[in-house]
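Participant: As you go down the protein sequences, you meet chains A and B in turn.
In short: position in the first sequence from 1, add 222, done, that's the numbering used here.
In short: position in the second sequence from 1, add 1, done, that's the numbering used here.
Mixed in with the good hints there might be a few duds.
To be verified - For each label pair, taking beta carbons as the anchor points, the in silico distance ranges come out as:
hint, chain 1, residue 1, chain 2, residue 2, range
1, A, MET275, B, THR241, 26 to 32 angstroms
2, A, ASP234, B, VAL178, 49 to 55 angstroms
3, A, GLU238, B, VAL343, 51 to 57 angstroms
4, A, GLY242, B, SER223, 50 to 56 angstroms
5, A, ALA313, B, THR236, 30 to 36 angstroms
6, B, LEU97, A, GLU286, 53 to 59 angstroms
7, A, GLY242, B, LEU97, 54 to 60 angstroms
8, B, GLY225, A, ASP234, 37 to 43 angstroms
9, B, SER333, A, GLY282, 54 to 60 angstroms
10, B, ALA147, A, SER301, 29 to 35 angstroms
Unchecked claim - Calculated lysine-lysine pairs in the DSS-like style (CA-CA distance at most 30 angstroms, straight line):
hint, chain 1, residue 1, chain 2, residue 2
11, B, LYS256, B, LYS231
12, B, LYS130, B, LYS300
13, B, LYS207, A, LYS257
14, B, LYS130, A, LYS318
15, A, LYS240, B, LYS300
16, B, LYS33, A, LYS257
17, B, LYS54, B, LYS298
18, A, LYS257, B, LYS93
19, A, LYS224, B, LYS300
20, B, LYS93, B, LYS300
21, B, LYS231, B, LYS157
22, B, LYS278, A, LYS320
23, A, LYS320, B, LYS231
24, A, LYS257, B, LYS298
25, B, LYS256, B, LYS233
26, B, LYS278, B, LYS33
Worth flagging that the hints you see were computed from the coordinates, not collected in a lab.
By construction, the Cβ of each residue, glycine as well, lies at the ideal position given by its N, Cα and C atoms.
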Amino acid sequence: MKITVTDLDGNDHVIEGKAGWTLMESIRDAGLPIKAECGGACACATCHVYVDMDWIDATGERSEEEEDMIDLALEVEDSSRLACQIELSDALEGLKVKLARDAVL
Amino acid sequence: MSDNAYETDVVIIGAGPVGLFAVFELGLLGLKCHLIDILDRAGGQCAELYPEKPIYDIPAVPMCTGQELTDRLLEQINAFEPVFHFQEMAEKLTKLEDGRWHLTTDQGTEITSTVVVIAAGGGSFVPKKPHLDGLEDFEGSSVHYAVRRIEDFRDKRVVIAGGGDSALDWALNLHPVAKRVTIVHHRDGFRAAPASVEHMRSLVEKGEMDFEIAQLAGLEGSGGQLSGVKVKTKTDGENTIEADTLLPFFGLTMKLGPIAEFGLNLHENLITVDTEKFETSVPSIFAIGDINTYPGKLKLILSGFHEGALMSQAAFAYCRPGERLRFQYTTSSSDLQKKLGVR
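All chains should be modelled from the sequences, with the hints used to inform the complete structure.
Facilitator: So, in structure tokens, the structure goes:
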């Protein structure tokens, strides 16, 4: 499946996602800069992304655990998610997200 | 020697699982260790990020949490009497004329050792900084990431950003001395302990504390002295909170830090080592665990344990030149069992 990831400079990268894996893993495997310091355990907030408004419903709601962890993210928006908490499925073909600054810097 | 100067065989930078197990392997060879860690306790990422998260890939331990792994390692190395220096960052490393190393920390501790082992994982855990223009100008004078002395905040207008335990605890602790405490948080919900949140809300209700559902947007002031913190709310746009001090509490992030200046060969912020001894480009400095890299490297705790065992053999040669190292098993060696304190 194809996913579009916008980097901090505004450039779009079309990467290959794999159903059953998380969005964070796909971004990392594609070689894009994403800190993801805890490795995907929802234990930090350094895989912070903004989900494109057209995809908000499809990606689902934040869990309580994720909500708590987003308290440690900077520049939080309604569209803020932790990429390690979005599991990819065929329903997310074409997903668009933007990296947050605290996921990269 | 002054009170904070020490001599030992090995200094280990990083008290995560790999640094802790290195104490065990070095201890079996009769080598003494000091450990330095920026956190206030042992365990590294296991303590900071995963204390309650399960780990499934430690050999013969089907499941344990990060904290359990740390506790068991501490128990395992207890007999070797490691000396811990917590909340300190290894800052400077110089070679002495006698070939040993002299390491100083940001807190002024000085340790002289024959061998240095870097087991620093992803680097030092340092406070996450908000992305605000001119932030550096106010750091240390008006913007702080920790409270050292409550008295420093007397009669100050304090803005505290964040929603975790650090934010709430300090809001409550500074409330009696500060002129005004304002909590700035992006939502009307907190990850902090419910009792603290309840206490904070009651103070806000009584008008003794302010709470703004907003995000930091900028800093106002000059010459390092803050006069106001600009915040952005979803509904009302930007406004300014008059403030003398800002305390951002957004948790920790990992940075390589001063180790990058130790003169070691690096590859993409990782320390390159050989796979026989896990020695760096500088003799008698070793690097084990997530911080090193070599062909085929896997960032697994168990790999770090293996690296520590091999490193110890080479460390022994530096610390006890001319002495023969005999390979022994803990199950059968009376010498090792004495060192372990079980015989």
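Participant: Hints first: check each against the structure and report whether it holds.
Facilitator: Right, here's what the structure says about each hint:
At about 30 angstroms, the CB distance of A/MET275 to B/THR241 agrees with the hint of 26 to 32 angstroms. A hinted range of 49 to 55 angstroms for the beta carbons of A/ASP234 and B/VAL178 is consistent with their spacing of about 51 angstroms. Between A/GLU238 and B/VAL343 the beta carbon distance is about 54 angstroms. The supplied range of 51 to 57 angstroms therefore holds. Against the hinted window of 50 to 56 angstroms, the Cβ-Cβ separation of A/GLY242 and B/SER223 comes to about 54 angstroms, which satisfies the hint.
As the Cβ distance of A/ALA313 to B/THR236 is approximately 33 angstroms, the hint placing it in 30 to 36 angstroms holds. A beta carbon spacing of about 54 angstroms between B/LEU97 and A/GLU286 agrees with the range 53 to 59 angstroms that was offered as a hint. Range check, A/GLY242 to B/LEU97: about 55 angstroms between beta-carbon atoms, so the 54 to 60 angstroms window is met. Taking the beta carbon of each, B/GLY225 and A/ASP234 are about 40 angstroms apart, inside 37 to 43 angstroms as hinted.
At about 56 angstroms, the beta-carbon gap between B/SER333 and A/GLY282 stays in the expected band of 54 to 60 angstroms. At about 32 angstroms, the CB distance of B/ALA147 to A/SER301 agrees with the hint of 29 to 35 angstroms. Straight-line distance between C-alpha atoms of B/LYS256 and B/LYS231 comes to about 28 angstroms, which keeps the hinted pair within the 30 angstroms bound. Our distance criterion of 30 angstroms between C-alpha atoms is met by B/LYS130 and B/LYS300, whose separation comes to about 27 angstroms.
Restraint check: the Cα-Cα separation between B/LYS207 and A/LYS257 comes to about 42 angstroms, which exceeds 30 angstroms; the hinted pair is violated. Taking the CA atoms of B/LYS130 and A/LYS318, the gap is about 27 angstroms. The hint holds against a cut of 30 angstroms. With a C-alpha separation of about 22 angstroms, the suggested pair A/LYS240 and B/LYS300 falls inside the 30 angstroms cut-off, and the hint holds. At most 30 angstroms may separate the alpha-carbon atoms for a hinted pair to count; B/LYS33 and A/LYS257 exceed this at roughly 35 angstroms.
Among the hinted pairs, B/LYS54 with B/LYS298 is consistent with the structure: their alpha-carbon atoms are about 24 angstroms apart, no more than 30 angstroms. As the CA atoms of A/LYS257 and B/LYS93 are separated by approximately 27 angstroms, the hinted pair is consistent with the 30 angstroms bound. Annotation: proposed proximity of A/LYS224 to B/LYS300 holds, straight-line Cα distance about 28 angstroms (limit 30 angstroms). For the proposed pair B/LYS93 and B/LYS300, the alpha carbon gap of about 26 angstroms is at most 30 angstroms, so the pair holds.
Taken as a hint, the B/LYS231 and B/LYS157 pair is honoured in the structure, with Cα atoms around 17 angstroms apart against an allowance of 30 angstroms. The straight-line distance between the Cα atoms of B/LYS278 and A/LYS320 is roughly 43 angstroms, outside the 30 angstroms bound, and the hint therefore fails. For the hint linking A/LYS320 to B/LYS231, the alpha-carbon distance of about 25 angstroms falls within 30 angstroms, and the restraint holds. For the hint linking A/LYS257 to B/LYS298, the alpha-carbon distance of about 19 angstroms falls within 30 angstroms, and the restraint holds.
Restraint check for B/LYS256 and B/LYS233: the C-alpha separation of about 29 angstroms stays at or below 30 angstroms, so the hint holds. Taking the CA atoms of B/LYS278 and B/LYS33, the gap is near 19 angstroms; set against the 30 angstroms cutoff, the hint holds.
The structure is inconsistent with the numbered hints 13, 16 and 22, although it conforms to all the rest.
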